[in-house]
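Asker: Each chain, letter by letter, is given below.
4 protein chains.
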Amino acid sequence: MKNTFGNHVAVTLFGESHGKAIGAVIDGLAPGIPVEEEFLRFQLGLRRPTGEISTARSEPDRFVIESGVLEGKTTGTPICILIENENAESKDYSSMVGKARPGHADYTAYAKYHGFEDGRGGGHFSGRITAALVAAGAIAIAALKEKGVLIGTHIKKIAEVEDRAFGELPADLALLARKPFAVLDARASMQMISAITAAKKQGDSVGGVLETAVTGLPAGVGEPWFDTVEGMLAHALFSVPAVKGVEFGDGFALAGMKGSEANDPFRMAGDRVITVSNHNGGINGGITNGMPLLFRCAVKPTPTIFQPQQTVDYRKGENIEWQAAGRHDPCIVHRARVVIDSVTALVLCDLLAGRFGTDWLANL
Amino acid sequence: MKNTFGNHVAVTLFGESHGKAIGAVIDGLAPGIPVEEEFLRFQLGLRRPTGEISTARSEPDRFVIESGVLEGKTTGTPICILIENENAESKDYSSMVGKARPGHADYTAYAKYHGFEDGRGGGHFSGRITAALVAAGAIAIAALKEKGVLIGTHIKKIAEVEDRAFGELPADLALLARKPFAVLDARASMQMISAITAAKKQGDSVGGVLETAVTGLPAGVGEPWFDTVEGMLAHALFSVPAVKGVEFGDGFALAGMKGSEANDPFRMAGDRVITVSNHNGGINGGITNGMPLLFRCAVKPTPTIFQPQQTVDYRKGENIEWQAAGRHDPCIVHRARVVIDSVTALVLCDLLAGRFGTDWLANL
Amino acid sequence: MKNTFGNHVAVTLFGESHGKAIGAVIDGLAPGIPVEEEFLRFQLGLRRPTGEISTARSEPDRFVIESGVLEGKTTGTPICILIENENAESKDYSSMVGKARPGHADYTAYAKYHGFEDGRGGGHFSGRITAALVAAGAIAIAALKEKGVLIGTHIKKIAEVEDRAFGELPADLALLARKPFAVLDARASMQMISAITAAKKQGDSVGGVLETAVTGLPAGVGEPWFDTVEGMLAHALFSVPAVKGVEFGDGFALAGMKGSEANDPFRMAGDRVITVSNHNGGINGGITNGMPLLFRCAVKPTPTIFQPQQTVDYRKGENIEWQAAGRHDPCIVHRARVVIDSVTALVLCDLLAGRFGTDWLANL
Amino acid sequence: MKNTFGNHVAVTLFGESHGKAIGAVIDGLAPGIPVEEEFLRFQLGLRRPTGEISTARSEPDRFVIESGVLEGKTTGTPICILIENENAESKDYSSMVGKARPGHADYTAYAKYHGFEDGRGGGHFSGRITAALVAAGAIAIAALKEKGVLIGTHIKKIAEVEDRAFGELPADLALLARKPFAVLDARASMQMISAITAAKKQGDSVGGVLETAVTGLPAGVGEPWFDTVEGMLAHALFSVPAVKGVEFGDGFALAGMKGSEANDPFRMAGDRVITVSNHNGGINGGITNGMPLLFRCAVKPTPTIFQPQQTVDYRKGENIEWQAAGRHDPCIVHRARVVIDSVTALVLCDLLAGRFGTDWLANL
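Residue numbers (the numbering used here), protein chains in the order written: chain W, 5 to 368; chain X, 5 to 368; chain C, 5 to 368; chain Y, 5 to 368.
All the given hints hold, so there is nothing to weed out.
Copies of the same chain look alike in the list, so a pair counts if it fits in one copy or across any two.
Subject to a maximum C-alpha distance of 25 Å in a straight line, what follows is the list of computed BS3-like cross-link-like pairs (lysine-lysine):
1. Lys-151 / Lys-77
2. Lys-320 / Lys-77
3. Lys-149 / Lys-77
4. Lys-24 / Lys-103
5. Lys-103 / Lys-77
Bear in mind the hints are in silico, worked out from the structure with no lab data behind them.
Working from the sequences, and respecting the hints, build out all of it.
Answerer: See the structure below:
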């Protein structure tokens, strides 16, 4: 369904980087869910570029909730959140027309939209659109929290620097919720920033891996075929710009393990069924087993770099050499983290509403 | 949409491992597409266990095309393919009731279906259901071939043994189409079989990685948000039992690369736009760029092993020790390969029909 | 989604009149719903032609539940019901190729499927496909009955003969559930049969109106835009062959009423909100109000008549005169009644599962 | 999918009558379609109340196209159109809380949204939301016109006054496109206005019937089951507030006809297949036959009347008497006409894009 995702709780995205506005419509959320604008602002702040390691473009991301919220609570009808593009540079983009930035969607947009696309700053493909996802996701994150479902993502890796593994989840998730740069190990955090800064100095960029944990999910959510928890999440996660891989539990490492190592033994913990290990990331047969949901996303290095690159002018059909100018991120991994949380929350709201009905999320 | 996938060409799966039959309904395929039952049989043969390295259960997979095909061609109306469960063992499954096989979906099925599920041999979660996917996929594979779109998957890795990388794609894909054990390097092939046999002797199992290439796709297919080519494929691929990770292009390896390494320079090749490298796997911004589509799936080791395992009886709420008996695969990577091809073909037919209309696939 | 309907409980239809089999897949029904094959047979019997007033083709409609039911209860996974075409005449249909039967879909099928369609006996457009709908619907009807939701349809009108209006609904619905020819007023019943017989003698056919009532629906089901109860039901009801109009409550008669006449006053009945009249058919703003759901479907006269008709051979592009031969119904209104009930039940299961979650229908 | 409709071209509605804004997102329209804001304004003008016979609330309906249009043409990405609620009265609605206006959705909204709904002026159920549908539909109407597909609706009936039947369609549709009060027969037009004025004087309201014709549709569009042209159109048309019946071709009148009268004989007109009559409204078996598409919608009288009415306070669980105050329409039939055109255009764009691919609408 193109720019809409979700069968029960659905989110629709619209907007272009340098158009009038970007935004999202969320439909199907239960009525009565508290919506705190302050929390939306906080989440948008996590996505916003900051300091040395990010682009100089800094939008305040002033959003307006145009519908679906009354007196601080969801009404149950569609919520439209609009974010105006205040800081869209008025600069002339005409010199860029026809030039395919390597690693970007300029050429594929042209192949799909025949030149009618808004190519300015990536247009509808711009990472800027994720601000709308983050605003929408903030409502979903808050709703899930009320139901005891907590989501947290840390930067597992940037360049070659690795964060420590998840430990005690309640503590780690609480820690991450407050951190603008979501690394558990303070020393790794500094090394990552150094790696980003070093790349920036070379006019280059770095990528990384984001690792997400979700606690508090009931067992029995998801479908055996197609709408598996893995399938639904991956479908949406691959929309996050620069994500090129998604793995659940031990993921690709499972390929090198024996069955005797990869299986998670079940045990009773009081009257609850748990698993002793969690190599399967909380999912068996596409369905939650009540253990923490665990997955990782590979984020490629930002395609915009400040070095000359070989490419083409696809309108003229000519080879050209081209070098980027302007403001850009040498790394977006740390900014993508809150987008991952947001997408995860929206997909889980969809799955839970489908399983337990519309009102479940609001305890109605 | 639960057990249905696809917006334009949709496939619906039904059936349980030890029920009367399994099957698939494919809807939305263009009329006039040739359907050769011989090719369906050939593809089903690739999925069927063979020799030392597979389960002893060997079903002939006799299918009946109940509708949607007339005089060897699709009619354009829904195609139902039914495969009866001829070899369903009549053995008593009652001793298994309530026992959660580690790594399997018994417990999650119970959490979802409250004990009404058909648990015999995995029921609706059984890998056996993929036979229906393979039969359906065979029609899609043949249709795409007519349009010049070729799909091939090789076993990139089993246990610690790696196949060589893809080389010349037309030649490699032609080679794979004929191979029952889809490994490009003959020596790796033998080592893999040894690794499987060794695991089997230990009552253990191994996993691996499958790598897929698709050539001949036009540029401009896919959507910028949600229904990206990556998202749509991953959604469906995570339905293939045991798949726990999906990555496109260089995938997780991109996380450790610089932007200057990861970007694929564009060049003109005559009047066609190509990329010099293909780290992005033929997709930019969620949309095909006309280069080969490349992705890899992580396949976990078969969860059924012949060693005692800790688990629970979830009906009684008790810890138990349990050991599998009967017939099972020490490795399913080689059998999953044709399932990956099939799923890929069905998803691509869906995307192409959405982009170019219903009749495109049949050249009408 | 083409031949699939429903977002939460979905039904997929397949098959052609003279192909191997027809069938349906129902997905999303709660686990644990009792499935009595005897009731499916009873419902299929209501659809089957009987006596003077119907076609001589009489199929036993032997169905097989291929999946999704175990020990007489739904498992929660997709239910495939297959009905083989036992009585498909082996006669040569080649003389019919290219001839557009007026009022039928031969020509439109050709325009859509380019001549690859199975045209024998209407193919996928045949009313025969509704047998699969009736079998699927029987499961939904039984499930709703357990929840106190009762559905009944009577023949409001055939030719110019009218049945009496609905009176006491519990009594009337109980009466209809037992009647093969669903008319409340015995005298009208006889007059209708006379009208059908008279038309048959003239080689002609008659149509009519079916009126449906549903009691026991909770208030608050349906959506304000698009997925209104009216919209969802009408969407599916227009699939019933020969239905050309659907109206809710007083429907078209509302167009001639004043607001003061059409409004239904609300009143308290104990702690329940009711309406004094029911001109709106139990729906306000697209959402159930807890009063009986009421609607009517216009059924056109059977297009097959035994008189010479002007038409074309669309393959040759020539005008021709043509007269039907063989077995056909002079009226299908009485047979369509159980199809309407079935479609209604499937749509309501979908709406209720979406509103209250998957398990609601099974009291889990 | 709740407040979203369409599989290929989808429209999503949001907003409440007295919230910040209402709007629509249209996704899936081809790139390169001209968007003339002047035409959107013209269409919105047709919906806006005018003169004696309408409510005194008159919003300028100033819309902003927030995304998806660049330099006057669609980009192919989602188009968000926002209309601020400028004239939302600041009056205190608290006296209305809990009072169920007969014929309105107050009580059903409460049953669904548990009191969290925005009840002011009907909230999300308000006819005001149709302004967003009209703006979205204007783009679809213009796109279809470029492809030779013309849509026109006339007021077939208000109260007891009937307009003449459609005659020469090209001329009649051209006439209607210019008429604010869409009646073909000038005398009937005056009588209708008299009937509305008379009802208004009595504090009462009137309903009517709208009849729509669409010319220029290719044959072969629509699906045999579920996504029939009738089903898809009816699904969306029942969202238009006050529509309680939809019939195609001769609709309910077919119920009283003989097969020999209802069948439309086919004939060749040069190399084109036509029908001599059009009792089936241009659709056979759910699929267009190339003849004009014809349907009618029953519009109930406006529920708001200026007479005391029996109703309840559903919060208090008490019977009350209540009388409306403020501004309201004694008739909305003439205003609903452009909403019907808009909905029709959006559904047809969806069906055509599904059939012929995304680019078809733009001749790409």
